[in-house]
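Enquirer: Assembly of the complex is requested from the two constituent chains, each provided in isolation within its own frame, with the hints serving as guidance.
Note that the protein sequences, when read in sequence, are chains A and B.
Heads up: take any position in the first sequence, counting from 1, add 226, and you land on my numbering.
Heads up: take any position in the second sequence, counting from 1, add 1267, and you land on my numbering.
Simulated from the structure, these hints should not be mistaken for lab results.
Misleading hints may appear alongside valid ones.
Simulated restraints, written as ranges between beta carbons of each label pair [to be verified]:
hint	chain 1	residue 1	chain 2	residue 2	range
1	A	N521	B	G1393	34 to 42 Å
2	B	L1270	A	Q399	29 to 37 Å
3	B	E1459	A	R396	42 to 50 Å
None of these values were measured; they are calculated from a predicted model.
Backbone N, C-alpha and C fix where the C-beta goes; we use that ideal spot for every residue, glycine too.
The residues making up each chain are set out below.
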Amino acid sequence: MSDPPPRRTALRPLVVLGEIRTCLLPHSTALDGEATDELLALVPGASVRRRERPGPLAFSPSKAIGVDCHLAWGSTDSVRIVGTVASTAVLVGGRLSQMSSHTTVVRAPQRKRQPWSHYTSQIGVTEVIGKLPIPPDADQELIAGYRTAPSPTTLDLSSVCARQLGDLHRSPQLDQRPPLRAPTTRLRWTAQIGGNAGPAVSFRVEEELTRTANVIVRAPDEIPDALRFCQDVAVHDWLLTVIDAKVLAAEGLSHGQQVAVLAPILEHLAHLWMPGAHVPSTMRSQWRDLQAEANFTKQWTTRVEQVERRIEVATYHAVRGAISAGDW
Amino acid sequence: MRLPTYREASEEASIVPLPTAHLSMEIGHFSFDEILDETERVQAEFRRAVPLVQAFTESARVEFGPDATVSTCYLLDDYFQPDVEPAKVLDRLLAAADDAGLTIDYLGRESGCHEAPVFAGGVAVGDPIPVAEMVAARLVAQPEDEETANGGRPPTTESGWLCNGRRERNGGSRLAMHPEPYRPPQEYGRREHSIFLDVELWHNRGASRRWSCAFLAAVWQLLRLGMLRYHGAAVAEPQEWSTGREWPIRWKELPPVIRLNPSAEPFTAYRTLSMLPKRYLPIEHAVRVILDHLALDDDVAAHAAARGRAEQVPLPVKVVERVGHLLLDGT
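For reference, chain B alone in the conformation it holds in the complex (with noise of 0.2 Å):
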């Protein structure tokens, strides 16, 4: 293709590239209080991933060839519990999955899901990214009625809601002698029966908003996606964390994605599998019903997908589609 004569760089779209691997895969979800209180069960549990774990690595190799590059990663939940300290943690978890035989490549934090501070030289620098916040901008909700929204007045998700079809209706009305009937939440896109789900985002506390669990999840995925970028820079790239060196006091003085393994393949992917425990059905359920109503930059997915036509990956352009799950048995 022939360049234009003329051209300025402020009007064109540059998209830092990521590394990619063919496959991340995320092992396990556990509280602080199991992996404090229940170590033994969760080193149990990390036993029995490390057959799966070959399994997939090995799938993958059937799917995207002998070359096929896999990487695991392992998801902190200090958003939740940040008053734990990290050191307590990291060890217990981290000797469990050595005890297991189990490789950590990267352990990512769910308040880098939030906010992802910027590292330089391994220690924070500048303000971070408010990755939720960028995350939230970019969802479409669908409208609920049918047939009439017309633009006029927006579909919302001021409310901290999402869902994914439309919302029941009370028999109830202001005018006794009309009362309305009852009509049932439907679900959109369904066969013929609905499964509705109706997702809370956040909650206001006063000035401060607090994002559910299952949207920082789905941040977690596009960040495993590589889908997120900030002004075309990367947002949350692994940062050494060498064996040698002292946990820190807090969890924000921990970069949001720590490459423990130096060896390891890159942490974002083509397609991501998260193995969890199948208590986490709804949350992971709702996490699809959030990346449905995304619209992703067209300049990363232009992005992401030349990548993948270039390594011979073709790449659904449903972001939802590249996210998989294996539940496991178990509480």
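Next up, chain A with everything else stripped away, as it sits in the complex (with noise of 0.2 Å):
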């Protein structure tokens, strides 16, 4: 399922910006069909896109805001840029929630900043309006400065999504009892243009809880194909995050407290598992590719096994206990 077109530019994208933070919903039960409509209506009227197959996924209207600042440039230059960012709020399995903020990078037509409805046409969006040093590599450097730490007058894409996520956590609609608790993942991902062999993808774990990627596609076009597949990557990632996360938080704990932490992984979790299920064909080999080397399924399958026999050995001795204290 692709998000909706996104407006055409005239203009060819230098680089896509984007950050998704992919985290648990704040709420004690998944959220039907209708419960997600309601949750998801960002925007009064525009419609929430939802799918049911193989699992339920939706997502809000895009939201939209205003920038007019600086993207690094390599390590120590910058160029200004004005437009917009759009944001979208997905939700997987009723259960996990994303916020996806990107803007497509392009040069500007003009040197000077232009009357709003210019970047009002054109929602996630930003021109380079600055002096851009001469390419070969504009994209790559942009890239590089993206990934340095923002300045207070560099774009901060993380401020907005996380911005944005908290907005759609603080709805009246949600409990605030998520049936376990566990961290929010960062993917800062960016998109090129160009390659004739076909998209390729790299994704690398950078520290705890952030991760970057990078797509390589063939047109533009192709860009809501790639944001589609990092959101994918996302969940899956947050998925593996977490179930290790519990793993290791149950080590040496008392038999009874190690089912507490496990179970509601199997309970809530296990079935959200379909890594490239929803991804748009063009990515699919991406999938592939990355799986081969990471072999994230493998390591999800493992994990949910040592989950079950832990939890099977626990009950054993709880059982055991209860027979030998004369309670059975």
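Expert: As structure tokens, then:
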């Protein structure tokens, strides 16, 4: 399933910059279709897009905010950009929530800020109106600049994304009682146009909760597919991150406490594992490549089995303890 | 194009198509007092408009071909003057148009630009569509600061004001030792000098929000351009009001858009033209600033563009470029 086609911009994108934050919805139960529509109705009257198979997936209408700031260029220089950042909330299985913010950077036709209608007619696009250093590696330099920490004047997608995820989670519809505690992960992604051979992906685990991804697509109309791919990778990376953390957290606990930590994973998260199922066909082979290298699925099934066995063992001990105590 | 193997209806936007004319012409705007107390002047204005309507219809034929379709409309002031009885105003207004030989195809209610009741079988049913709120939610404020609006703190319209540039900064500063110099307001996208405009969109009166005339006029343009949908459905679809039927006691019992002429061309159009007395110049300037700041739904915009292409009417991407004005002399 793809997002609505982005407004046409005649200009060839230099690079797409994005951030996706993924976490558990702060709610005790999985949201059904109707509740999903209600939660994701960020723009009154605009439609929430939903899909049920092979698992529920829903997208809010996109929200835009205006920016006029700089993009770091390499490590020392910067260029001015003006335009908008588009954000979409995604709900996976009625359980996981994502906020996905991105902007497509293009070279401006004119080197000064335009009347605002120019920017509102191409939501999710920012134009470089400063002097851009000479290519050939403009996109590489912009990506390198984006990966550095934002300064007070450089584009801060991270703040945009975090704030909008926070707004979503403050919805009165949510009871703030999730069935387990889990962290928020962040995926900072970029996309470039180029390469005749087909899309290519590189994914990197940076630190505990931060990952980066770069996608190379052949043509600008594949950018929405790249975005979908990154959202899907973020979901599965989050699931792995959570299951790893929970198994670790269960070490050394009493058998009863282990069950309390591990059981919610089987109950609420295990069925959400379906890498690539919602990804457009253009990007499916990239999922296979990523799987071949990092074998996400192998790790997931191994972990799930480990969780199941621990729960079995803990149950065995609990029953045995009860028998020897004469409670049976 | 080959269809995907598997699809679900809930993942596709279904946009109800609206019949579309080439040009929607709005003729004049008067307060209820003017209609009641200065009926002759209203009639004179209408008489003056007749040849203009003909001329612009002819002009539309030159631009869009001999089959170009044109409809006319008039916007009633019921939002700010709800206490005047509909029958009194409407009978006078329509008689004046009749005497002047002017055909008004559609009547719109300004209150309908705030909340549009949904009509079925001639009566309002269910909850009205919150049109003004829908449009306000699509405003994307432009960053006031140059080169420092990095998304950390978003530009906002929360105060109810929207401007076309950067506001002035007064010389005063809390640090008396470091007085900031006066910085004049500046219009973005200007040529050399600025014409800075700061538009009040609404103000709050207690719990209720009072929308400005300029904001409602911007909504009116969007309705005429067919750019608003409520979950894909039409908003303020014109309803027939037969000539013999009596006017209701209250405005809200009238549909937001009434079709007076059964053989009228469609209400919504690729382009609009509003012929207004020139005292409306500031309002219409504000309307353009508001339209400049709107991020309309992608699927509605894509639908409109596709329809335009199919009918050989190239549609500008910026909605504001589809809105035309003719400002008439007089007061």
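Enquirer: Indicate, hint by hint, whether the structure satisfies it.
Expert: Here is how each hint holds up against the structure:
Checked against the hint of 34 to 42 Å, the C-beta distance between N521/A and G1393/B comes to roughly 54 Å, which is inconsistent with it. Checked against the hint of 29 to 37 Å, the pair L1270/B and Q399/A passes, with Cβ atoms roughly 36 Å apart. About 45 Å separates the C-beta atoms of E1459/B and R396/A, a value consistent with the hinted range of 42 to 50 Å.
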